[in-house]
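Following the hints, complete the assembly by docking chain B onto the known chain A.
Chain residues, written in single-letter form:
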Amino acid sequence: MFERDSSITPKSAAASTDLLRRRVLLPYALRLILRDSTICIRTDSALMSEVLSNLNLPCNHSSGVANAKWEIAVETKREAEADLSLGSEFEPVEIYHIGPSCALRMCGGSWFAHTPPSLCGVGFAMVAGNKREQIDQLTVYFRAIMSLLEKDGARSNSAMTLEVCS
Amino acid sequence: MIEGGHNSDARYSTTLGLAGHVCSLRTDSVRLMEITGAFFPFNQDREASAPRAAITLLTGCRRGSSIGCCTFPIFRGRNEFVHADYGREGSVWFDLKAREVAGVLSEGIIADVEYLRRAVLAVIAGVLAPSLGVIVLHAGCVVRDGRAILLAAHSGEGKSTLSLALALRGWSLLSDEWTFVSAATNGLSVWGMQTSVKLMPDASLYFPLLTTLSPTISLNEELSFEIDPWILFGVNRAIDATPLGIIFLKRAQDSGEHICHASQFGAEETMKTLLEEIEEQPEAIADQNRTRQLLMQQLCRLPALKVSFSGNPAVVAADLDKILTEQLCV
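Residue numbers (my numbering), protein chains in the order written: chain A, 1 to 166; chain B, 1 to 330.
Here chain A stands alone, though its shape is the one from the complex:
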């Protein structure tokens, strides 16, 4: 069960980086809560709200952005900047199991990895194309993460809530 929060909080300016040097600004923060653990999604675009709609996440209200055990950075590119050689066709997500860790990757550079039963994980999503294509790519990405977590039993029976702080 998921809930979405649309409370307003100050934008958090932070980041993923390219090889730990150039900081990519991701001013929007969204938070998922799973029991005492939080998953923080940082992004440069407000279109995540449509992604959440695609994932059927109802609204809820809360406030604040706490320290997250999992962080996912989502970067969007305008259509003009996109590598159109990859095309707009959608390719399946690849899943890898290496040691105790699980990872998923998508052709455009999006990736997520975690080590069950720990709740620590990290992901980088990079999507391109027009707005609709980006939303579709992100929906597939997050749906794949949720499926991976369900499969690995990292999700308990407790409710998972999502707080959107912008």
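Worth double-checking, as some hints may not be accurate.
To be verified - Among chain B residues calculated to face chain A with C-beta under 7 Å, some are: (1) SER29; (2) THR56; (3) PHE72; (4) ARG76; (5) PHE81; (6) HIS83; (7) ALA102.
In short, the hints are calculated from the structure, not lab data. No residue lacks a Cβ here, since even glycine has one placed at the ideal position from N, Cα and C.
Chain B only, in chain A's frame:
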């Protein structure tokens, strides 16, 4: 979704050496094991300890090509996690705190040995090394009688050209661009990697052998020669050595005249200049960062010279040779 590689497929294993530190490799490919083992040579007489890092490389990337590659990886990092993406050809990801590396690579990458070394294995070395307490220095390095001189400079100043010019004068070439510095029993050790040397197209004016080749577009989209100097020029290769001193190179304005002028460089200036080119590391590997700080302090106590130069690299190298012999006693 499609299922890719599984750890259980990694049935081949070997031991690697990275700047004097032992690492384990597991893979599902004999070819990958052999190429990686040669790139990270392990000296069992010297490096007898339990592995400090674990590398797993699988060949399960199903969408890749079966021919050569030219993709420059896209990097993303957050705290101790780093991801290098090679598009359809695969990914490598790092947990610097756990010192674990995992990757899935296409047949195309594995078939292209030069690309594998330059864009994958060199990246693994460069990203993983700081988590082992090793400094990755943006400097060339030449060696004589087991004693090394580091040649530090910003990109484009001529490190590679002068490193090669000194190698042609009898020095052994340890590296032309990236040198690894680690702790040794009695001080410091420097280490190189077996990667090609990159020279700008105008280098063919000074190295006639290059005129038999054509420059190509490199991974960072520059037109350049990428050569194996040990094969093309027959220079000697050094794998590791004890550092004796540092030269900071600065190209003087080209006036058509030959210039090679050396001046002393203090410890404080050395530290400030070296730090400009060192990658900042995450707080998650704080212990290894402290180790690297101590190594930096030792490194900055080595004799250092600033050398301004211009003109024919062979002539500059002859002057440098004389300076190193007279002032640094190499």
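Going through the hints against the structure:
This hint is violated: B/SER29 has a C-beta 14 Å from the nearest C-beta of chain A, more than the 7 Å allowed. A distance limit of 7 Å between C-beta atoms decides the matter here; for B/THR56 the minimum to chain A is near 5 Å, and the interface restraint holds. The interface hint given for B/PHE72 is broken, as the beta carbon of that residue sits about 12 Å from the closest beta carbon of chain A, more than 7 Å. Interface hint at B/ARG76: satisfied, since its Cβ lies 4 Å from the closest Cβ of chain A, which is below the 7 Å cut-off.
Because the closest C-beta pair between B/PHE81 and chain A is about 4 Å apart, less than 7 Å, the hint holds. The closest approach between the C-beta of B/HIS83 and any C-beta of chain A is roughly 5 Å, which is under the 7 Å cut-off, so the hint is satisfied. For B/ALA102, the interface hint holds, the least distance from its beta-carbon to any beta-carbon of chain A being 4 Å, beneath 7 Å.
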